[in-house]
Amino acid sequence: MNDRPGPERLDVDALVDDPETGIVVCCGSGGVGKTTTAAALGLRAAARGRKVVVLTIDPARRLAQALGLAELDNRPRRVELGPEVPGELHAMMLDMRRTFDDMVLAHAGRERARQILDNPFYQTVSTSFSGTQEYMAMEKLGQLTAEEEWDLIVVDTPPSRSALDFLDAPQRLSTILDGKLIRMLASPARAGGKGLRKIVGAGFGVFAKAVSTVVGHQLLADAAAFVQAFDSTFGGFRERAAHTYRLLRSPGTRFLVVAAPEPDALREASYFVERLSAESMPPAGLVANRTHPVLADLPAARAVSAAEELESEGNSPLAASVLRLHADRVAVAEREKRLLARFTRAHPEVELVGVPAMPHDVHDLAGLTEIGERLAG
Amino acid sequence: MSSEWDRQLDHARLHFVSGKGGAGKTTAAASLALALATGGRRVLLVEVEGRQGLAQLFDTPPLEYSERRLAAAPGGGEVKALAIEAEAALLEYLAMYYSLGFAGRTLRKMGAIEFATTLAPGLRDVLFTGKIKECVRRTDSNGRYSYDAVVVDAPPTGRIVKFLDVTRAMADLARMGPIHGQSEDVVALLHSSDTVVHLVTLPEQLPVRETLETVDELAAADLRPGAVLLNRARPARLATRSVSAAADGRVDASRIRGGLESAGLDWDDEVLDGLVAETVEHATRASAELSAREQLHGTGLPSLDLAEYVDGIDVAALYELAEELVARGVGGNG
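Going down the list, the sequences are from chains A and B. No gaps in the numbering here: position 177 of the first sequence is 191 in our numbering, and each next residue is one more. No gaps in the numbering here: position 183 of the second sequence is 511 in our numbering, and each next residue is one more.
Note that these hints are calculated values from the structure, not bench results. Note that the structure is a prediction, hence the values are computed from the model and not measured. Careful: at least some of the hints might be erroneous.
[To be verified] Simulated coverage check for chain B against chain A, where a stretch passes if three residues somewhere in it have a Cβ under 8 Å from a Cβ of chain A:
id : stretch
1  : 589-596
2  : 608-618
3  : 645-659
A virtual CB, placed ideally from N, CA and C, is assigned to each residue, including glycine.
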């Protein structure tokens with residue numbers, strides 16, 4: 015079933031059974047089936063006896079229903095699996111805003127928390143900043159880990175254009191909000207950074223004026239007040255981001271890269287694998303999701319010529335159609351194999367498993383169980 | 329009801345192409361631009377996500393923040409391309425009102441511009457749509473529009489309505505100043521009959537459901553949905569009448585066996601079982617595809633197929649897809 019060009023086949027069961035595996039992060043570009051993979055993996059681990067929580071970010075509605083996530087309350091809820099299942103599956107959907115609020119309330123004194131939550135700029139940061147979702151996914155992961163209640167935490171990553179955003183967005187956000195610029199722009203007169211001003215020269219005054227013309231002086235003032243209040247509570251965004259980042263680098267955290275057997279998705283997967291390796295966080299493996307392996311051992315060319323023969327005789331139209339659709343399938347399977355072989359040539363060390371596509375959408379636990387079986391090969 | 333490309337869509341001058349991630353937005357936008365340019369028109373193809381997807385597709389060096397010829401279209405037409413970056417667009421704005429000169433470069437190095445666009449997330453979208461408006465409205469010395477049409481490889485369906493909701497984004501920004509001054513023109517253009525939003529999808533359940541939701545969202549935001557482009561349409565191998573039986577697992581193996589024998593093929597039970605299993609999967613997909621098409625039909629929007637290219641899309645395939653679109657009426661040459 016799983017044609018695999020590479021040297022090693024990813025053993026998903028060994029990964030989830032390993033008591034050392036505390037966190038599995040499913041990453042990959044948008045639209046490759048990360049959330050479904052995370053859910054199927056969690057379900058499989060529970061069926062194998064582990065106490066699992068799956069943190070989903072933005073599940074499709076029917077998948078959320080399959081997991082009993084009709085209510086969004088930012089806490090894990092137990093998924094009923096029946097008495098024969100030895101483990102437990104809990105699932106939750108990230109509520110970005112609420113996670114942010116909770117973080118502020120938990121760490122800041124009451125008065126300081128009010129200051130932060132009431133700041134108009136906080137509304138923007140907590141709802142529409144690019145990077146906040148990634149930041150809060152990390153925050154929630156940190157909280158779940160601190161609970162020490164779970165054998166295994168399976169994390170889905172936000173649906174971003176690039177898989178790398180998951181690693182980069184929190185850092186980017188903190189660079190912006192920690193920077194000297196925000197202080198200087200908010201109150202250029204008081205900013206002591208003479209050195210910086212010297213480098214920028216007269217241009218700074220012009221720019222500061224331009225920026226405040228564009229984004230408004232009030233917004234700058236709010237932003238500065240927010241950053242100041244946040245700093246004194248959390249030691250800054252950067253420190254907070256660095257803290258959760260360390261969790262990702264701990265040995266119990268394993269990364270599964272999910273990709274569709276398509277050029278764009280595999281290119282993203284390649285970038286991500288390289289990046290993880292560069293940061294000494296080697297990926298556990300690649301899940302090639304929704305492959306179309308050939309099920310009948312019959313060469314495409316022979317199928318096509320036989321179909322032509324039948325068609326010219328007007329004989330057995332069903333068999334002719336079946337031979338044609340088989341030839342189509344061989345062509346698709348060959349292409350997928352070629353693409354995966356190319357990936358493996360570039361990354362021979364990455365273990366890989368192909369997950370054959372389900373012919374229909376998955377929207378219940380039976381479907382997720384089936385995907386789990388395909389994942390395990 | 330109309331399922332062909334209609335004339336009204338040809339009158340639109342600004343075409344946004346959105347769609348579910350992975351559905352083939354960039355391919356569809358490029359094919360549409362070529363189709364609209366066919367017969368001698370000038371079309372600008374715009375990228376806003378910084379992915380350089382167009383350069384990869386056309387196998388050219390990375391696009392920049394300057395319009396440059398990307399491809400010739402049949403009949404003397406031309407497609408130019410432009411990659412809009414928020415940073416360059418903001419500097420362009422500021423330069424119009426302040427003499428930034430040398431300071432602009434320094435500020436770019438400091439990341440000050442990324443800072444400004446991060447601080448006010450709506451600013452990025454406002455800069456993109458502002459630049460797009462400028463391209464659409466630009467005229468040459470004879471008073472003729474520089475481009476007959478502008479096609480945008482737009483953000484995916486999850487973000488498209490927000491991207492085009494300039495009014496809301498402006499609420500984040502200063503109530504005065506250069507950007508605010510021209511945003512009213514942008515809003516007017518986006519909500520006029522000059523602008524349409526096409527949606528690329530796959531002939532499958534979930535992508536089509538997402539498309540239908542987006543059609544509603546667009547309508548609610550007073551934006552005009554254009555055509556639905558069904559990408560990777562696969563040939564239907566089974567007769568429509570046998571699809572639903574086969575999808576339920578009812579495949580007459582003895583008839584297949586008879587056919588294999590009469591064609592002189594060697595077969596064994598394993599091959600036969602495999603063929604039956606492949607047929608059931610094919611039929612399951614085909615049946616989902618039929619109901620997806622019916623649902624799309626219900627919207628009354630034109631829907632056009634883009635054929636699947638199993639070996640991947642290259643420049644030649646783009647021209648073939650464009651030809652298909654022209655044959656279906658795109659560009660009014662059909």
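Checklist entry - Do three or more residues from the stretch 608-618 of chain B put their C-beta atoms closer than 8 Å to C-beta atoms of chain A? => result holds (count 6)
Item to check | Annotated coverage of the stretch 589-596 of chain B by chain A, confirmed only when three residues or more have a Cβ within 8 Å | outcome: Per the Cβ count (5), the hint holds.
Item to check | Verdict on chain A covering the stretch 645-659 of chain B, where coverage means 3 or more residues with a C-beta closer than 8 Å | outcome: violated (count 0)
Violation of the numbered hints given earlier is confined to hint 3; every other hint is satisfied by the structure.
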